[in-house]
Structures are given as C-alpha cells and as structure tokens.
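**Student:** Each chain, letter by letter, is given below.
There are 2 protein chains.
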Amino acid sequence: MTPEQLRLYLVTDRGLSLGRDIEWIVGEAVAGGVTIVQLREKDIDTREFVALGLRLKALLAPLGVPLIINDRVDVALAVDADGVHIGQSDMPYDVARRLLGPDRIIGLSVETLDQVKEANLLDVDYIAVSPVYSTPTKTDTAPPFGLEGLRQAVALSRHPGVAIGGMNAATAPAVLATGIDGIAVVSAICSAPDPRAAAAALRSL
Amino acid sequence: MTPEQLRLYLVTDRGLSLGRDIEWIVGEAVAGGVTIVQLREKDIDTREFVALGLRLKALLAPLGVPLIINDRVDVALAVDADGVHIGQSDMPYDVARRLLGPDRIIGLSVETLDQVKEANLLDVDYIAVSPVYSTPTKTDTAPPFGLEGLRQAVALSRHPGVAIGGMNAATAPAVLATGIDGIAVVSAICSAPDPRAAAAALRSL
Chain A
1 MTPEQLRLYL VTDRGLSLGR DIEWIVGEAV AGGVTIVQLR EKDIDTREFV
51 ALGLRLKALL APLGVPLIIN DRVDVALAVD ADGVHIGQSD MPYDVARRLL
101 GPDRIIGLSV ETLDQVKEAN LLDVDYIAVS PVYSTPTKTD TAPPFGLEGL
151 RQAVALSRHP GVAIGGMNAA TAPAVLATGI DGIAVVSAIC SAPDPRAAAA
201 ALRSL
Chain B
1 MTPEQLRLYL VTDRGLSLGR DIEWIVGEAV AGGVTIVQLR EKDIDTREFV
51 ALGLRLKALL APLGVPLIIN DRVDVALAVD ADGVHIGQSD MPYDVARRLL
101 GPDRIIGLSV ETLDQVKEAN LLDVDYIAVS PVYSTPTKTD TAPPFGLEGL
151 RQAVALSRHP GVAIGGMNAA TAPAVLATGI DGIAVVSAIC SAPDPRAAAA
201 ALRSL
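As they're listed, the protein sequences go chains A and B. Counting in the numbering used here, the first sequence runs from 1 upward without gaps. Counting in the numbering used here, the second sequence runs from 1 upward without gaps.
To be clear, the hints were calculated from the coordinates, so they are not data collected in a lab. Don't take every hint at face value.
When chains are identical, the list treats them as one kind, so a pair holds in a single copy or across two.
[As the list claims (entries may be wrong)] Cross-link-like lysine to any residue pairs, in silico, SDA-like; alpha carbons within 20 angstroms at most:
1) Lys42 x Arg151
2) Lys117 x His159
3) Lys57 x Pro92
4) Lys42 x Ile22
5) Lys42 x Pro136
6) Lys42 x Pro160
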C-alpha cells in the first residue's frame with residue numbers, strides 16, 4: 001500500500017450509523033473521497049460478517065479502495081480482503097502475518113509511544129495512533145496522545161500512520177500538520193446526515 | 001477422526017464453570033474420560049482466545065484428545081487445533097474447508113432433519129444434533145429433536161454424530177441407545193462439583 005491510501009480512512013460502526021445500511025454508508029463515503037475502508041463488527045454472526053465483507057469487497061475492489069477487516073483474520077481470508085487491522089488485544093502480529101502471508105496489509109493500533117517503538121520492530125504496513133483526542137466512540141481506550149504526543153509518534157515511527165480519535169473537520173487540519181499520513185474517522189462519516197458530503201469535506205482539508 | 005473419539009465430547013463454557021479455570025476443568029475432564037474437547041468462547045479478546053487455545057493444545061495433544069475450536073477458523077489455525085465446530089450462522093462449510101484444508105476436522109451443528117440432509121451433501125467430519133432436549137445452557141436454539149427425532153437424524157445421516165442439549169447421566173443411556181456415536185455435554189461437566197468424576201460417570205454409560 002502507499003501512504004496516500006491512508007489519507008482518509010473510514011472505520012465502520014453499526015451502532016453509530018443511525019440505522020442506515022453499512023454498505024450504503026461505505027458507498028457514499030468512497031464517492032466522497034474515502035481512500036481506505038475498515039469493516040469493524042463486534043456483535044454479528046460470522047456468516048453475516050463474511051456476507052457483508054464480500055459485498056464490500058465487490059463494491060471497493062473496482063474502485064481500487066483497500067478493504068481492511070478488523071481483528072478477524074478468518075473473515076479477511078474468507079472474503080479475500082486486502083488486509084486486517086489488529087489492536088493490542090487482538091491476534092499477535094506474527095501469528096496474523098503467518099496466516100495472511102507476506103502481501104496482505106496489516107495495520108496495528110498503538111496507544112502509547114512505547115507501542116510505537118514496538119511496532120518499529122514489526123513489519124506492519126501502517127500504525128493507527130489511538131486516540132489523539134478522547135472520544136465517545138470508544139470508551140476502553142488509553143489516555144489520548146494529544147497533538148504533541150502525535151508529533152512524537154510521527155517522529156518515532158518508521159511506518160506510515162493514521163490518527164484516530166476525535167477526528168473531524170475542525171480537528172483534522174492541526175492533526176495533518178503533524179505530518180501524519182491520514183486521519184481515521186468513525187462518527188464523522190457514519191453518523192453524518194450526508195456521509196458523502198462529510199467525506200468530501202474531510203478529503204478537501 | 002474415528003467415531004469412537006466422539007463418545008464423550010466436552011464443550012467448554014466460561015459462564016457455567018463456576019469461576020473455575022477452563023484449563024483445569026479440561027484437564028480434569030480428560031482424566032475422567034472425555035474423548036474430544038471443543039473450546040467455545042464468545043466474549044474474550046482474540047489474543048486471550050489464542051493463548052488459551054495454545055495451552056489446551058499443549059495439554060491435549062500428548063493425550064491424543066482432539067481440540068476443536070468453536071466458530072473461529074483463525075484461532076484454530078493460530079493454535080494448530082485439530083479442527084473447528086461451526087453452527088448454521090457461522091462461516092459456511094465450504095469457506096471453512098478452503099481455509100482449513102482437507103485434513104482438519106469440521107463439525108457442524110444441525111437443528112432440523114432438513115439440515116441433517118443438507119449436511120449429507122458436505123464432507124463434514126461429524127454432526128452435532130442440537131438440541132435433543134431443551135436446555136438452559138443455550139437459549140437461542142431450535143425446537144428440541146427429542147428421542148424420536150434423534151433416531152430419525154441418526155438414520156438419515158451419513159456422518160458420525162453427537163447429541164447435545166440436556167445430556168447428563170440420567171438422559172444419556174436412552175440417547176446412546178438411538179445409535180448416536182456420542183454425547184456432547186456442557187454443564188454436566190463444567191458445572192459439576194467434581195468434573196473428573198462427572199466425566200468418568202458419563203463415560204461408563
């Protein structure tokens with residue numbers, strides 16, 4: 001993958017989608033300029049997860065937009081996704097790499113500067129610095145990095161990265177000014193009245 | 001696998017284990033005569049699931065007792081388990097077989113006689129006829145087969161099978177008399193004051 005593909009990273013969230021179809025939100029979001037999509041599902045059956053992943057793959061592959069599956073390496077393999085995103089309590093990186101092979105994307109959430117350094121020892125394809133700001137989307141997160149912490153993470157990391165946590169049109173300019181490759185958003189698109197317009201506004205920053 | 005290995009099938013359940021360690025329960029259960037173990041976890045992190053799976057694999061492999069992982073094909077691959085058990089809303093059989101290869105065990109839950117017939121079209125290694133009796137362990141199940149339904153399932157199926165749902169020392173003799181290869185138990189061992197003694201009593205039937 002290229003760092004440019006990290007520019008505007010959508011993470012799906014069923015609970016924050018205001019009852020709207022996830023496939024529709026993803027379609028609108030990429031029409032507005034999202035460059036990569038992570039399908040995150042924590043509470044659906046594996047069969048439904050695979051079926052939705054296959055539909056998103058069919059939607060995104062012709063557009064050249066990578067599809068990343070959160071946590072579930074088996075779902076990623078089942079739908080031939082472009083990669084997986086793992087957190088610190090998901091499958092260890094080396095096991096995921098062994099199961100996925102050398103070519104698929106593996107992204108890793110880092111919640112401290114120590115974890116940024118640990119990620120430098122791994123051949124992850126990108127890191128997600130999480131969270132930059134505290135956010136109601138995820139309540140189990142580490143203390144926020146803040147802009148200064150994000151700057152340090154960017155300086156320390158040998159990997160491309162995205163910033164996540166509190167990303168929106170108001171916060172994104174200062175975040176991007178740190179040199180991070182992109183921003184990852186959940187509610188700023190999933191909960192937007194017009195996800196396409198929200199994506200386009202974020203992309204223009 | 002052999003049908004004899006299905007004789008006494010333990011399915012783990014963290015919530016029904018009275019706060020006791022799952023690894024300990026499994027160790028006691030196999031000492032008492034359990035012939036196959038399914039690790040079922042619905043609410044733990046993938047990292048913890050993999051770590052527990054590796055510990056159970058190290059415990060069971062020297063004893064020749066197969067380790068089956070519920071639903072999660074990625075966890076099964078990560079811990080080199082002997083196979084997976086899938087339900088009707090888990091990964092479709094053909095996808096699971098593609099990811100696991102020809103040699104690992106795949107078991108399938110069947111909840112109706114129609115599903116027994118559908119399973120005959122697949123190269124599953126065994127079926128779990130579920131539930132024979134209604135049970136407080138799982139509340140989202142189909143109507144119970146009963147003994148007569150189980151007899152029909154055994155007659156219809158070309159695969160080895162286990163009966164699950166309400167299996168205990170009182171119900172097992174009539175269930176085994178239907179010709180099913182074995183019984184699968186959850187609370188009869190996980191919630192027993194002495195899991196080893198409970199397994200030995202069930203094995204002697």
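**Student:** For the identical chains here, do Lys57 and Pro92 meet the 20 angstroms Cα criterion within one copy, between copies, both, or neither?
**Tutor:** Close across copies (18 angstroms), not inside one copy (25 angstroms); limit 20 angstroms.
**Student:** Is the C-alpha distance from Lys42 to Arg151 at most 20 angstroms within one copy, between copies, in both cases, or in neither?
**Tutor:** The answer is neither: 31 angstroms in one copy and 38 angstroms across copies each exceed 20 angstroms.
**Student:** At most 20 angstroms between alpha carbons: which applies to Lys42 and Pro136, within, between, both or neither?
**Tutor:** For Lys42 and Pro136, the Cα distance is within 20 angstroms only inside one copy (17 angstroms; across copies 25 angstroms).
**Student:** At 20 angstroms max between alpha carbons, let me know whether Lys42 reaches Ile22 within a copy, between copies, both or neither.
**Tutor:** within (14 angstroms within a copy, 23 angstroms between copies)
**Student:** Cα distance capped at 20 angstroms. Does Lys42 pair with Pro160 within a copy, between copies, both, or neither?
**Tutor:** neither (26 angstroms within a copy, 33 angstroms between copies)
**Student:** At most 20 angstroms between alpha carbons: which applies to Lys117 and His159, within, between, both or neither?
**Tutor:** The answer is within: 10 angstroms in one copy meets 20 angstroms, while 52 angstroms across copies does not.
Going through the hint list in order, the structure does not satisfy hints 1 and 6.
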